[in-house]
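Participant: Protein chains in written order, with the working numbering: chain B, 78 to 274; chain R, 106 to 565.
A hint or two may mislead.
As the list claims (entries may be wrong) - Within a straight-line C-alpha distance of at most 25 Å, the following computed SDA-like cross-link-like pairs (lysine to any residue) qualify: (1) B:240 x B:263; (2) B:264 x B:221; (3) B:162 x B:202; (4) R:498 x B:82; (5) R:464 x R:256; (6) R:498 x R:256; (7) B:264 x B:231; (8) R:498 x B:86; (9) R:553 x B:86; (10) R:553 x B:82; (11) R:498 x R:552; (12) B:231 x B:172; (13) B:231 x B:187; (14) B:201 x B:221; (15) R:553 x B:270; (16) R:553 x B:79; (17) R:498 x B:79; (18) R:498 x B:85; (19) R:498 x R:205; (20) B:162 x B:172; (21) R:464 x R:454; (22) R:498 x R:210; (23) B:231 x B:179; (24) R:464 x R:127.
Stated by the list, open to error - Pulled from the structure, derived: some chain B residues nowhere near chain R, Cβ distances all over 10 Å: (25) 101; (26) 114; (27) 232.
Hints were generated in silico from the structure; no laboratory data involved. Quick caveat, the model's predicted, so the values are computed rather than measured. Built from N, CA and C at the ideal position, the CB exists for glycine as well.
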Amino acid sequence: MSLRLRLAVVGGAILAGPLFAGCSDPIWRNPATSRGAAALTPAVQEAVVARLADLKPRSTSKITVVQPLPSLPGWSQALIGQSLKGLFPNRAPCLGNLDAVRVRYLGEPEGVAIVGWGWDPQTKAAPPRVLLVDDSSLIRGAGVSGAPRPNVPKAVPGVTSAKVGWVAHAPRLVGPLDAWGVLADGKTVCQLGHIDL
Amino acid sequence: MPKSSSVTPGAPRWGLSAAYALAAALAVAWPVWPGLMSYDSLFAYQESRTGIETALWPPMHAYLFWLSDRLGGGPGGLLAFQAFLLFFGAAVSLNLLVRRRIWAVAGLAAFTVGFVAVPQLWGCSLVHWRDVVTASFAMGGLAAWLVAARYRAWPGLALAAASFGVAAALRYNAVFLIILVAPLMIWTPFLRPQEAARPRAATAALLALALGLAWASTQWRLPDLQPLPHPNNFAGTQEFDLIGISACADKVYLPPRVTDGWPITPRQIRMHYDPRHLQIAYEPRAGAPNIIETGAFGQVALVWPQAVREEFGCYLAHRTAVFVEQMGLARRDVFMPTYGAIDANPYGLALARPQAAAKVHAYITTRAPELWRRPFLLFLLAPVVVALLWWRKSPARLLFLALLGGAFVYPAVLFVAAPAADGRYIYPPLVVLAFSLSAGVAMLIESKTLRSAPSPAPRS
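Just chain B, same shape as in the assembly (with noise of 0.2 Å):
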């Protein structure tokens, strides 16, 4: 094979290759073959730990935080996986909103810390506890009330207390939330609001 012919045989293999086939995406750029979970890789976390203290947040937003979820109220432990609706069949109209995500824990167990405020204009009193449902109506979480929130009575007719603000955990960082208030007498919930986290 003379010399020329060789240089054109190997030019046109090097054209010919990626003319006829271009690329195509790779696999990994599939987002239905992930099989990978949310949690942090080890060097995010240090990165996050390194520069803690630059995270400044504004009153009303979360932060993220590579703590595991503090531990849920001991009077919760039985309720939850529970359903709702099982567990406190009275339902009563009540005051209250819920405000926001405030933490984001991403340590073990990961979850999630809301804040709200509620208001039972029957007793003239904040619901004790609050629970944090699921959209199948399983109980998911749980907090208390009596966190200062001198805003809403100054905003809310009615509302004759600064303590009506509370705080619940949930053991999740995805899916929707319902906050149910537990009224004075252990057995009638009145709904607090709703996130989707």
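Since chain B is already given, all that's left is putting chain R on it; use the hints.
Facilitator: Using the frame of chain B, we list chain R on its own:
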């Protein structure tokens, strides 16, 4: 000492070169007058009016807009100038490298056809992108150097250094285009085998001055010489890399701030990831939290080196995916071979001939994806021609090797640094490669015809 270098057996043929460049500049500028303008273009134009506020992009482009405005040309003036300079530089260079007019004309015809055959070349030329001006000044510098070599003219050498300096001042990575040309210029300023130390030292000083001024133009602004803020351009690339590495490794290497604190899964990161451009990842995706443009208080910069170390295979896979798009190797299409409009602006800038612009845009966008018109082919073909020049022992082989080297180093740097795969990013090397191909082939054919011609009778 011979009057001219054996590298430049031809002549500049000023009239022919100017006529060709005028015609080519007219063909480029007329349909899209006063030039297509994307966000980057309008930002540079804005800074030409309001003053330089940032060093995110080197300010030289804004200065050129300002100059064109002051001379009464507006943005269209700059478009016409950059197109003229590019084709004039190519024409003068080609006429100098090729002895006979007919082969020079053939080479120029091939160079012109290259712009139509590889629509990305034509498409980028229509837009006010700094990449285009970079290529224009690089070609202008090459022509000035070859003229200097032909006539052993110091002004030509100074003009070449100045032109390369302006090219280098237009993009932070532009200097890589001349990374081998500059040493060659210092080693052999007039492209002759033997060169004294003084011309070498003088050329080194000229280039050092030009490139030093180019660097200074990115550090201090005109006219008040106030220092410019550090551009920190690599932060975007680092965020792009973390998204790509996460998508490939099926793990989350994104600091929570990148998603505004919302948890994100690798599957959702893959939904966002697109190797064509970092900005595409910022677009909202149903069922996934938004990814935002942020350094996350330095967390991105902290995570990046560790992620690259831990997932080096995925880093390479991600960068390769970007490179595939960049070089036009993706099966689907080429990314941003041109820009279709002048973005909304408060300066009253609008296309003078929208219908003509639409026709040109339609040609480019429909033809550019065809595989045989892809830019990577120039990267494959040009080395073959340069190899043949070496095989034939062409006097210009070292020059072409230097041009080729710069054209390859340029995208090699983009491989690790590009936050996107816009077609325009490789426009300067594409122009150099198209020139090398057309000039190289013309020289090869000419040398063959000269060899086959009967030798003149020896003089008595």
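Participant: So, for every hint listed, does it hold in this structure?
Facilitator: Hints versus structure:
For a cut-off of 25 Å, the pair hint linking residue 240 of chain B to residue 263 of chain B stands: about 19 Å separates their Cα positions. Taking the CA atoms of residue 264 of chain B and residue 221 of chain B, the gap is near 16 Å; set against the 25 Å cutoff, the hint holds. Note on residue 162 of chain B and residue 202 of chain B: the hinted pairing holds, with a Cα-Cα distance of about 23 Å set against a maximum of 25 Å. For the hint linking residue 498 of chain R to residue 82 of chain B, the alpha-carbon distance of about 20 Å falls within 25 Å, and the restraint holds.
With a CA separation close to 44 Å, the supplied pair residue 464 of chain R and residue 256 of chain R exceeds the 25 Å bound. With a CA separation close to 23 Å, the supplied pair residue 498 of chain R and residue 256 of chain R stays within the 25 Å bound. With a C-alpha separation of about 30 Å, the suggested pair residue 264 of chain B and residue 231 of chain B falls outside the 25 Å cut-off, and the hint is violated. Pair hint residue 498 of chain R plus residue 86 of chain B holds up; C-alpha atoms about 23 Å apart against a cutoff of 25 Å.
At most 25 Å may separate the alpha-carbon atoms for a hinted pair to count; residue 553 of chain R and residue 86 of chain B meet this at roughly 22 Å. Simply put, residue 553 of chain R and residue 82 of chain B have alpha-carbon atoms about 18 Å apart, close enough for the 25 Å limit, and the pair holds. The hinted pair formed by residue 498 of chain R and residue 552 of chain R meets the criterion: a straight-line CA distance of about 10 Å does not exceed 25 Å. Our distance criterion of 25 Å between C-alpha atoms is met by residue 231 of chain B and residue 172 of chain B, whose separation comes to about 14 Å.
Between the alpha carbons of residue 231 of chain B and residue 187 of chain B the distance comes to roughly 35 Å, so the proposed pair goes past 25 Å and is violated. Restraint check for residue 201 of chain B and residue 221 of chain B: the C-alpha separation of about 17 Å stays at or below 25 Å, so the hint holds. Between residue 553 of chain R and residue 270 of chain B, the direct Cα distance comes to roughly 85 Å. Violation of the 25 Å bound is thereby established for this hinted pair. Using a Cα cut-off of 25 Å, the hinted pair residue 553 of chain R and residue 79 of chain B holds, with the two alpha carbons roughly 19 Å apart.
With a CA separation close to 20 Å, the supplied pair residue 498 of chain R and residue 79 of chain B stays within the 25 Å bound. The straight-line distance between the Cα atoms of residue 498 of chain R and residue 85 of chain B is roughly 20 Å, inside the 25 Å bound, and the hint therefore holds. As the CA atoms of residue 498 of chain R and residue 205 of chain R are separated by approximately 19 Å, the hinted pair is consistent with the 25 Å bound. For the hint linking residue 162 of chain B to residue 172 of chain B, the alpha-carbon distance of about 20 Å falls within 25 Å, and the restraint holds.
Using a Cα cut-off of 25 Å, the hinted pair residue 464 of chain R and residue 454 of chain R holds, with the two alpha carbons roughly 20 Å apart. As the CA atoms of residue 498 of chain R and residue 210 of chain R are separated by approximately 23 Å, the hinted pair is consistent with the 25 Å bound. For the given pair, residue 231 of chain B sits about 22 Å from residue 179 of chain B by alpha-carbon distance, which is consistent with the 25 Å threshold. With a C-alpha separation of about 22 Å, the suggested pair residue 464 of chain R and residue 127 of chain R falls inside the 25 Å cut-off, and the hint holds.
With a minimum CB-CB distance of about 5 Å to chain R, residue 101 of chain B fails to clear the 10 Å threshold, and the non-interface call is violated. With a least beta-carbon separation of about 7 Å from chain R, residue 114 of chain B fails to lie farther than 10 Å from that chain, contradicting its non-interface assignment. Listed as a non-interface residue, residue 232 of chain B keeps its Cβ farther than 10 Å from every Cβ of chain R; the least gap is roughly 27 Å.
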